[in-house]
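One letter stands for each residue in the lines below.
2 protein chains.
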Amino acid sequence: MAVPVESFFLDPEAPGTLQARIQQMVAEEILSGRLKPGEKLPSTRRLAAHLGVSRITVTLAYAELLANDYLTARGRSGFYVSQSAPRPAALPPAPAPGQPVDWQRTLARRASGGAGLRKPRDWRRFRFPFIYGQPDPALFDHSGWRQCAIRALGQKDIDTLTADQHDADDPLLVEFIARHILPRRGIRAGPDEILVTLGAQNALWLTAQLLLSPERAAAVEDPSYPALRDILAQTGCRLLPVPVDGDGLPPEAIPEGVAAIFTTPSHQCPTSATMPRARRRAILDRARQLGAVVVEDDYEFEMAYLKAPLPALKSLDADGRVIYAGSFSKALFPGLRLGYLVGPAPFIAEARALRAAVLRHAPGHTQRTAAYYLSLGHYDAQIQRLGRALAARREEMERAIRAAGLEIAGAGAHGGSSFWIRAPEGIDSARLAERLARREVLIEPGAAFFSAGSPGAEAARHFRLGYGSIPRERIREGIARIAEEIAAMRTEG
Amino acid sequence: MAVPVESFFLDPEAPGTLQARIQQMVAEEILSGRLKPGEKLPSTRRLAAHLGVSRITVTLAYAELLANDYLTARGRSGFYVSQSAPRPAALPPAPAPGQPVDWQRTLARRASGGAGLRKPRDWRRFRFPFIYGQPDPALFDHSGWRQCAIRALGQKDIDTLTADQHDADDPLLVEFIARHILPRRGIRAGPDEILVTLGAQNALWLTAQLLLSPERAAAVEDPSYPALRDILAQTGCRLLPVPVDGDGLPPEAIPEGVAAIFTTPSHQCPTSATMPRARRRAILDRARQLGAVVVEDDYEFEMAYLKAPLPALKSLDADGRVIYAGSFSKALFPGLRLGYLVGPAPFIAEARALRAAVLRHAPGHTQRTAAYYLSLGHYDAQIQRLGRALAARREEMERAIRAAGLEIAGAGAHGGSSFWIRAPEGIDSARLAERLARREVLIEPGAAFFSAGSPGAEAARHFRLGYGSIPRERIREGIARIAEEIAAMRTEG
Numbered sequence: 001m002a003v004p005v006e007s008f009f010l011d012p013e014a015p016g017t018l019q020a021r022i023q024q025m026v027a028e029e030i031l032s033g034r035l036k037p038g039e040k041l042p043s044t045r046r047l048a049a050h051l052g053v054s055r056i057t058v059t060l061a062y063a064e065l066l067a068n069d070y071l072t073a074r075g076r077s078g079f080y081v082s083q084s085a086p087r088p089a090a091l092p093p094a095p096a097p098g099q100p101v102d103w104q105r106t107l108a109r110r111a112s113g114g115a116g117l118r119k120p121r122d123w124r125r126f127r128f129p130f131i132y133g134q135p136d137p138a139l140f141d142h143s144g145w146r147q148c149a150i151r152a153l154g155q156k157d158i159d160t161l162t163a164d165q166h167d168a169d170d171p172l173l174v175e176f177i178a179r180h181i182l183p184r185r186g187i188r189a190g191p192d193e194i195l196v197t198l199g200a201q202n203a204l205w206l207t208a209q210l211l212l213s214p215e216r217a218a219a220v221e222d223p224s225y226p227a228l229r230d231i232l233a234q235t236g237c238r239l240l241p242v243p244v245d246g247d248g249l250p251p252e253a254i255p256e257g258v259a260a261i262f263t264t265p266s267h268q269c270p271t272s273a274t275m276p277r278a279r280r281r282a283i284l285d286r287a288r289q290l291g292a293v294v295v296e297d298d299y300e301f302e303m304a305y306l307k308a309p310l311p312a313l314k315s316l317d318a319d320g321r322v323i324y325a326g327s328f329s330k331a332l333f334p335g336l337r338l339g340y341l342v343g344p345a346p347f348i349a350e351a352r353a354l355r356a357a358v359l360r361h362a363p364g365h366t367q368r369t370a371a372y373y374l375s376l377g378h379y380d381a382q383i384q385r386l387g388r389a390l391a392a393r394r395e396e397m398e399r400a401i402r403a404a405g406l407e408i409a410g411a412g413a414h415g416g417s418s419f420w421i422r423a424p425e426g427i428d429s430a431r432l433a434e435r436l437a438r439r440e441v442l443i444e445p446g447a448a449f450f451s452a453g454s455p456g457a458e459a460a461r462h463f464r465l466g467y468g469s470i471p472r473e474r475i476r477e478g479i480a481r482i483a484e485e486i487a488a489m490r491t492e493g
Numbered sequence: 001m002a003v004p005v006e007s008f009f010l011d012p013e014a015p016g017t018l019q020a021r022i023q024q025m026v027a028e029e030i031l032s033g034r035l036k037p038g039e040k041l042p043s044t045r046r047l048a049a050h051l052g053v054s055r056i057t058v059t060l061a062y063a064e065l066l067a068n069d070y071l072t073a074r075g076r077s078g079f080y081v082s083q084s085a086p087r088p089a090a091l092p093p094a095p096a097p098g099q100p101v102d103w104q105r106t107l108a109r110r111a112s113g114g115a116g117l118r119k120p121r122d123w124r125r126f127r128f129p130f131i132y133g134q135p136d137p138a139l140f141d142h143s144g145w146r147q148c149a150i151r152a153l154g155q156k157d158i159d160t161l162t163a164d165q166h167d168a169d170d171p172l173l174v175e176f177i178a179r180h181i182l183p184r185r186g187i188r189a190g191p192d193e194i195l196v197t198l199g200a201q202n203a204l205w206l207t208a209q210l211l212l213s214p215e216r217a218a219a220v221e222d223p224s225y226p227a228l229r230d231i232l233a234q235t236g237c238r239l240l241p242v243p244v245d246g247d248g249l250p251p252e253a254i255p256e257g258v259a260a261i262f263t264t265p266s267h268q269c270p271t272s273a274t275m276p277r278a279r280r281r282a283i284l285d286r287a288r289q290l291g292a293v294v295v296e297d298d299y300e301f302e303m304a305y306l307k308a309p310l311p312a313l314k315s316l317d318a319d320g321r322v323i324y325a326g327s328f329s330k331a332l333f334p335g336l337r338l339g340y341l342v343g344p345a346p347f348i349a350e351a352r353a354l355r356a357a358v359l360r361h362a363p364g365h366t367q368r369t370a371a372y373y374l375s376l377g378h379y380d381a382q383i384q385r386l387g388r389a390l391a392a393r394r395e396e397m398e399r400a401i402r403a404a405g406l407e408i409a410g411a412g413a414h415g416g417s418s419f420w421i422r423a424p425e426g427i428d429s430a431r432l433a434e435r436l437a438r439r440e441v442l443i444e445p446g447a448a449f450f451s452a453g454s455p456g457a458e459a460a461r462h463f464r465l466g467y468g469s470i471p472r473e474r475i476r477e478g479i480a481r482i483a484e485e486i487a488a489m490r491t492e493g
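Protein sequence lines, in the order shown, are assigned to chains A and C.
Start counting the first sequence at 1; every next residue gets the next number (the UniProt record's numbering).
Start counting the second sequence at 1; every next residue gets the next number (the UniProt record's numbering).
Derived by calculation from the structure, the hints in this document are not laboratory data.
Mixed in with the good hints, there may be bad ones.
Just so you know, same-sequence chains aren't split out, so a pair can sit in one copy or run between any two.
Calculated lysine to aspartate or glutamate pairs in the EDC-like style (CA-CA distance at most 16 Å, straight line) [to be verified]: (1) Lys40 - Glu6; (2) Lys119 - Glu434; (3) Lys156 - Asp141; (4) Lys40 - Asp69.
For clarity, every value in this text was computed on a predicted model and none was experimentally measured.
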């Protein structure tokens, strides 16, 4: 029996090349059972004419379906659904409604309800996205990445791509982190002191799980990265926020009894303050006094386009007291989900075992692609390119902010991609953000960065302006709109 | 100053194409500071002659280095290290030894020391690897996967590849799981009832974390998947092992007071027993009586090449009481690290929040590649191919096992890729495995699958023989060696 050509429709909205969509259309007809084994398909000429595409496109789609045994070709008589074409099992009827489980009572714990940072998922639709931490397609090194990803798909890397590595990491990536990335932070580490993680989020989560418990206390900077507070809260530990100053975390303010100190010395998150060298030594002394571990989140050290950053706090660590978390999210891109932990071997061994229980290892292809990107020199070249673009944007940001009369409360000393802004007294940045969103401007209100105990109105005056995702030529207009809205809010009083 | 051509050496052992290795060699010389800005490189002709490679190869490598600003070209006078070439910071001295942290006391918890399954990492060196759960390069659909991976690297998918998706999954992958995979297991689920995980390991881990606590108890099959017991132990819950029979988990033996029941109805792990339909209903009745949740691990349903598997236990679930864990490790490959959870929306929302805290989301490229692989029909074609190869191997396994006089204690009714073998009384399969490893044969001793409370000698008689990674033509010889070693052990008494 021949299938009428009229029964085929291409969804004009569907993604993919024409060839892929035709292949998909025929495969779906077969898998759904609408096309039966032995049925004859329209000729490539007829189907091409019906769909309004070129015949070669249909021919190539049929060839793929032949190779995958969806179709068979019978000489000149045409294409047929293969007798051994893949077919799904028939569906059973839906079960009758039963006695629904009460999930309120059934869950042993909850993970939702954290502060997080609620970022609009549709931020690309805004003309003036002063957001932080998303990649800019205009700055993405697509060709370099693509080249390395394709290389990592090669025959020689099949084992890295496909095999279950249990608790092991890609040795090539670990080697390049050790030889190439850590030395520029002043850190020396061997393979047993490095763990590849699913991004810095995963690195901080593993660390918090191993160091904290409901019986222990952690010191955290105030303000700080909201997702970190969520991670710490999930351990059940006592959370002790320590207000930061213009030099970051003040060591003398770290309270007695803490087991772990979480800090961002390079660029305090979100104020961008850089911790001076003397204070770094004082933090280590204080930690030694307390018997505490220091967790250093070095989340954007690559964005040092103004001057060289100080070596990491970890580079001063003589006791093996510092756990260092790094990320590829800023220099490469966050969708990669790759980061790393550096620490003493006994700690890394436990973090490795915990990671193995939670997820085993980062996908092999992802790790190997990053290793190639590093080893071929793309990573360093990309950091330079990013730095040049960010330097130009930063200059424009500073000029526009000054012109608009806004107050910079914090700016990264060696670079970065954000400013920490303090609005005039009485301005609530959450309200400001809402008003600005209606004018195509996105900003990040400051309150979410502060602990619950910090003074509400003062916290709410702050907001973060990221310039990692906004084109330089839109910066002036965007900043002007922010200033206008602030002025309007003050007038409305 | 010109750099002497003699200072360049290509490591003959290094991986990669010649062009990539030359590019890497020059980039490393620059990054290490051995080549300084302004220094002149050897001409492409001279370097090619020195390295014994074609000139075009050197020219292409130089072109990449030019594009990345490692080199500059000065008309006809040649190539120079760029003045703005990437350079790492100088290394500070190593810190003096301090007061080492006592990690025994510092860790709040330990993750190491689980049972796991210790599999030799060098299993490919063995001629007769009767192991389970590793991909066979000979059966891997390299070209189909590569094609989809390259497509997912395209311009149109840049956002999926690069962006931080916070807690969200690739909608295309979720759609194909819902429309294409779950229906063949009899499961209907919407996007808010599906979560993409980092493999089945991650799916089971998230589930255990949400359902269990030190105050709760879990029923687990005995024997069972050792990594599952590790996952459950990490929640601090009370672990109640329930001995399985030839039909899998017996409902009446599930003790009072359990909050969650972990089961593998399709193919009990490791005995391969299939749970009959009536018993599946009885499991759900028992769970309802106990107010417990059932966690169904459907880890190898795609390997049903002998007959269609029964619909999943989840398909009978009228109460929203079953959490279903699926994996792409068997049909695709474990290095992919992709799996999924299906459950009621309130549960999935919590699992999503927990996953976001732990790792955010699976890498975008990985998810999109799998979505293409599914949507273009490769997945179904690959399952058929795998099934044909495994069916042939299974026949050979059965023939060889019968010829060798070994006892099959369990074999998957609809397929699978392993047999559960019982050695004669008094044989310790761990000792057997050691002896066999010296004869190039790998088997998986049974004791690790059993709970601590099960009878030691009886447990130790068992072992698993996987045939997913061994070529068909080696099966007979491998099984014969196992029988010979068993006979030798009995003689030695």
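(request) Check each numbered hint from earlier against the structure, then list the numbers of those it violates in ascending order. (result) none
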